[in-house]
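Protein chains in written order, with this note's numbering: chain E, 1 to 291; chain G, 1 to 789.
One or more hints might be untrue.
To give an idea of the chain G side of the interface with chain E (calculated C-beta under 7 Å), a few residues [claimed, not checked]: (1) Tyr119; (2) Ala643; (3) Leu693; (4) Glu707; (5) Val708; (6) Pro710.
Over 10 Å on every C-beta distance to chain E, these chain G residues come out as not near it, computed from the model [to be verified]: (7) Arg185; (8) Gly248; (9) Asn397; (10) Glu434; (11) Ala443.
If you're looking for bench data, these hints aren't it; they were derived computationally from the structure.
For every residue, glycine included, the Cβ atom is placed at its ideal position computed from N, Cα and C.
If you want the building blocks of each chain, they are given just below.
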Amino acid sequence: MKPAPFGYLAPRSREEALDALRRFGPEAKLLAGGQSLVPLLAMRLVRPSVLIDLNRVPDLAYVRPFRGGLAIGAMTRQRAVEADPLAADRIPLLREALRWVGHPQIRTRGTVGGSLAHADPSAELPAVAAALDARFVLASARGQRVVDAPRFFAGYLTTALEPDEMLVEVRLPALPAGAGWAFAEVARRHGDFALVGVAVVLGCDPDRRCTEARMAFTGVSHGPMRVVEAEQSLVGRRVTAAAAAETGRIAQAALEPHSDIHASAAYRRHVAGVLAARALEQAAARMQVPS
Amino acid sequence: MGTRWFGEPVRRNEDPRLLTGRGTYVDDIQPPGLLHAAVLRSPHAHARIRRIDLRRAAAMPGVALVLTHADLPPTLQAPLPKLIPHPTLVHHKTQYALAPGKVRHVGEPVAFVVATSRYLAEDAAEAIEVDYDLLPPVADLEAAAAPGSPLVHEDMGTNVCAEYTQRVGDPDAAFARAPHIFRERFCMDRGTAASIETRGVVAIWDPRTRHLLIYDSTQAPIPIRNGLARLFDLPQHHVRVVAPDVGGGFGPKIMMFYPEEILVPLAAMRLGRPVKWIEDRRENFVATNQEREQIHDAEIAVDEEGRILAVRTRFLYDSGAYIPYGIIVPIVASTQLVGPYRIPNYECTFKAVFTNKVIVSPYRGAGRPTGCFVMERLIERVARELGLDRVEVRRRNLIQPDEFPYDTGLIFQDNAPLIYDSGNYPALLERALEMIGYRDWPARQAAARREGRLLGLGIALYVEGTGIGPYEGCRITVEPSGRIFAATSVGTQGQGHQTAFAQIIADALGVGVSDVVVTTGDSGAFGWGTGTFASRAAVVAGNAVGLAAQAVRQKTLTVAARLLEARPDDLELADGKVFVRGSPSRAVSLGDVAAAANPLRGTIPPEWEGPGLEASRYFAPPRGTYAAGCHAAILEIDPGTAAVRIHQYVVVHDCGKVINPLILEGQIQGGVAQGIGGAFYEKLVYDAEGQLLTQTFMDYLLPTIAEVPPVEIGHLETPSPLNPLGIKGAGEAGVIPVAALFASAIDDALGTRITEMPLSHSRLLDLLMRSPAAPTAEALGVAAVGDGP
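Start from the sequences and build out the full structure, keeping to the hints where you can.
The structure is reproduced here in structure tokens:
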């Protein structure tokens, strides 16, 4: 379990990093926290000819206010977001979901951008980003562009990133008025990737009726999965136990999960509905009814 | 002999060193000029090797040596030694150092590369070109045993290498007239020990003196030394094998020879430079022996009151591609199956079967978990079918305290009669029931059920054969410094021998535990022994330590009597001194006695029987001694996700006299953790092609601190009459009944009839949805599992 030979670059600035990507993009890999990449290297499942280590690039790790929501630098450690008071205040779903990501040791190395750009279909952060309508800032020597979650998550371990691009920031819009939120997951063990997980964001009106519902699953598809018909079924209604259960059933019917050695497709489908119903009820209980 | 230390929870001598990173594991050995090895392993489960092209690899930078089967000396081209023959093992096929033209499991070594770094060695291994002709593999145990299966070893004409039956009483007659017979099929799947330190070997060859020094993370340094001496035609005293600190053994490291244990010394001798090979984690999954896979067709005959009339099991044992270790595991499984119960008529028959999978040899429990699972499941089946309380059925069948010694009529793995030497099984059960709150359980369970919560209580009892022969030894030396050194050849993989043995010695010689330095697992320090396995080190080596300590004590008194001009039986030992009873000022230090016992000139009296304060003693038990225990637990199953939470776990355990309860509780807690892994998480999944799908810790799931609850432990002490210290082994106790226990608890929660282990979330939900406890779709608010495409 020693990597195949590779070249190593440790750029000291964003410009140097982008220049390295311009030169080596297709055969290069970016090293952020290394929690997924290093094992893949050790098992020779990836063989980049160049490793571009981002850990010495300044100004990629931050949590900043952004139009009522947050902008998070791609190299921000997951543990830092978990501990960040601004993040806790504006988007408390982040802290709740991050507790499900690996273990504290892993989150201390692992970065927000690394997890999103790796796009593991069972990871928590992509589902959270999808439920939050995140926007992704992609930079290259050619310039910068911003894409939304459905475009960013392009498939199994695949994103919209071009070979010469890197994710530099993720922007999370403010939660809707009266927002309730929840994250629920089942994993084989504490800290494992999800068998099934779901992130939920609900908005409500003064009458506690749902104005907006966003629900993103992980572990049941090639990437984070929004089920629009399930979300729509809640709009204009109070999120009662019965409504939550019905939404769970709609989601179950819409999902087409896979089987693997850890769980059958039937298990994932069933549990997706159970967790959706539970998360919706919890999110509804957390709604702060606007006056 | 005082017992100031024996039985006390003394903190471990080795912990300051180990916990501050100052242990010495094989990978810490860094001799100058060291080269590093990597192994090219078969990617196929069954194939012929048509051609191997080494040219590109051999020419790569830093490569010192590349070996295939053709490059080995004739002695090492032959199959490696058969370890434990048995008359019924008619096809005793053993593994090769390097594959001789055919591979029989994924991971089998094909070529061996030595280079200046492990990185370069792996690069070169990758550059070796091997052409394989694929053969149809057989990975499934039942398929392999069936006629017409692909053959792992063609010359056998079958994959069944052994068939063995033991019979007690007249089972046929008992089944024929029994009022009730219940049959069930039980399956237990494969797991791996996954010790935190993988295997590793360093070999240092001195071509001038022709001495070979080996560091090996083995559980059996002396047999390795003896075997290497024979294979390389060296005098035994020219080979020294050291098992330094070893990060976990659990059985697989008792196996010998793993190919690398031959190839690393061979390379060091060819190159005249030290060579190191450290198994990486991915190799560990395909190159270190595995265990547990058995399929039992079992039946039990009982009378109207649930008293056992007869038990019978016929089972298949998956041996993997070779069977170097013989049929120890199925013998243990079939004989320990009977557990603490009085079974007048018993029959067990097994077939050991080759498959195209990794070799099987004992892993902590060594067949006992499977045997216990079968027996405990049968007991609960009887209770359910007859409408009896499952505890009551156990009570009616337990061997009673006045029945010891109790002869089961079986022959154990040591070829000695399986006779339970002592015990009190009803007391174990009652104490565990009290600790878990069995009396209030029905009310508690019913109350939870009314809230929609699924709680279950499990119980399981087991007997553990421990402390088998043939022998172990120990030499104890008091040096003129007053320090005490002891050496025994059993290796230590975390069991705290450097403390437990020191406690025994400290009591005999009147010193502190930390004054005694114990060396284990170094053939250069003590050259006789067999190894650490079968929960035997404390029993067999521990009693040798006790005998040697008493001999040194006697010698100390004899020599000191002369110095103090007193009679030996007027002397006492304490605080590192010998003094005349009643006049503590008439004293001489142990160091001075040691110096006096080894004079530079003059004479030594014949009654000293030689110089120095030193003695070597051996202990050879007549047969095994039998520990026992009862586990009980309460778990909760999420009705929506089948996730399991363990609320409480209690163990009541009897391993005779306890040397150190702190160490014992650690053993039990660790065993329970491994048992929880085997019940819910750890499963080696092979596909039909014999490819192992679980080759990382992301797919082979070890329980962590988040999955393992604290264990409440109660001790009973029924001393063994078979050894002077009255002790029994405890190494495997924690793990044996765990699968049976959780099956019992899940059945209690769901009304299921669990017959397989391990159980994933997904499998549990399947069972839950088909069980009487299945929540209605409305109650869950969602569709039932299994709907849809």
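For this structure, which hints from the list above don't hold up?
5, 6
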